[in-house]
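Chemist: Chain A is fixed; fit chain B onto it per the hints.
Protein chains: 2
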Amino acid sequence: MKQMEEKILREGQVLPGDILKVGSFLNQNIDTEFLGQMAQEFSRLFADSGVTKVLTIEASGIAIAAAVGMEMGVPVLFAKKHRTSNVDGNTYSAKVHSFTHNEDYNVVVSSSYLTKDDHVLLVDDFLANGQALHGLMDLCDQAGAEVVGVAIAIEKCFTGAGDKLREQGLHIESLAMIESMTDSEIVFRS
Amino acid sequence: MKQMEEKILREGQVLPGDILKVGSFLNQNIDTEFLGQMAQEFSRLFADSGVTKVLTIEASGIAIAAAVGMEMGVPVLFAKKHRTSNVDGNTYSAKVHSFTHNEDYNVVVSSSYLTKDDHVLLVDDFLANGQALHGLMDLCDQAGAEVVGVAIAIEKCFTGAGDKLREQGLHIESLAMIESMTDSEIVFRS
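These protein sequence lines map, in sequence, to chains A and B.
Residue 117 in numbering that gives the first Met the number 0 sits at position 118 of the first sequence, with consecutive numbering throughout.
Residue 87 in numbering that gives the first Met the number 0 sits at position 88 of the second sequence, with consecutive numbering throughout.
Just chain A, with the same shape it has in the complex:
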């Protein structure tokens, strides 16, 4: 998506540790006109996927997921992050490692809201090492739900995680795919 690449080039900031700051438009101060355009693009890309539910993870995926869900006319479910694992039979829970904060956390959804009849579109702002995505896929596995696609705003291709998941047959669409980035240059996959 050309507009996403332009936004990143204009407003993004590359920080040490392969961090790309896009808080000015994507995940803290949200440009809602652009958010609507993103949702339309994802809706177009997954129009034939039979999506019945959007699943994301709190907190920065929620706005994108809400916009996509409204555009596609399906419910949006978000997994909560917990420091502790509280599995009580009414929830599915999966462990996720955060490289950014160097700690493990659990993602949790109620088993009432994710079922074997769901065809799930996973949504997140970033795909880097894929840890969060694996957590969400794990929750879907536990529920017997089918993951029919993955919608990502910005993929850091240089980690290889996205391509590995594509090789396994997952349908991933990223609106911007970054091959490399430094504080002076960001190179997108063409």
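There is no bait here: all hints are sound.
The list treats identical chains as interchangeable, and a pair is accepted whether it falls inside one copy or across any two copies.
Straight-line distance between alpha carbons at most 20 Å, and here's what the computed EDC-like set of lysine to aspartate or glutamate pairs gives:
1. K115 with D30
2. K20 with E57
3. K79 with D30
4. K80 with E102
In case anyone wonders, no lab produced these hints; they're calculated from the structure.
Modeler: For chain B alone, kept in the frame of chain A given last:
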């Protein structure tokens, strides 16, 4: 808003400790068609307020805020929750007490995203004791931004916090106003 009251009566669950569970449609598994209707209603209610920015708090306010921001055509900013206070000159930070978890946390926004030119609509899923709201108002004060309204999905009127803020001149609109609730009956303000 009639539909909100109907949704609460149909799907809400009152739990001990004055907790109203509405995860099935509002803040975990989100009914996006209904979310769009809520956004339209808030947009109508604050049409003359000169809103330039929507401000909410992670995580359960984000979907509502995103929908309202898209409907009103203004950016959405969300304050992050931190366990520690990391004020570094580039952020505004305010302490909030959570009665639910009986702990303090800090709400933080970047000073780049909230300025003295902003006319802010605060958005949240619940208004109970008003602690989170006071935190957001504090952030706006620090930025010199003007709070022009407060959009709440469900207000627990029996705490008195909402009415107290109204007496101070704040324009608060709540889509459902609960006067009392038990596990057998929920009474709305008429």
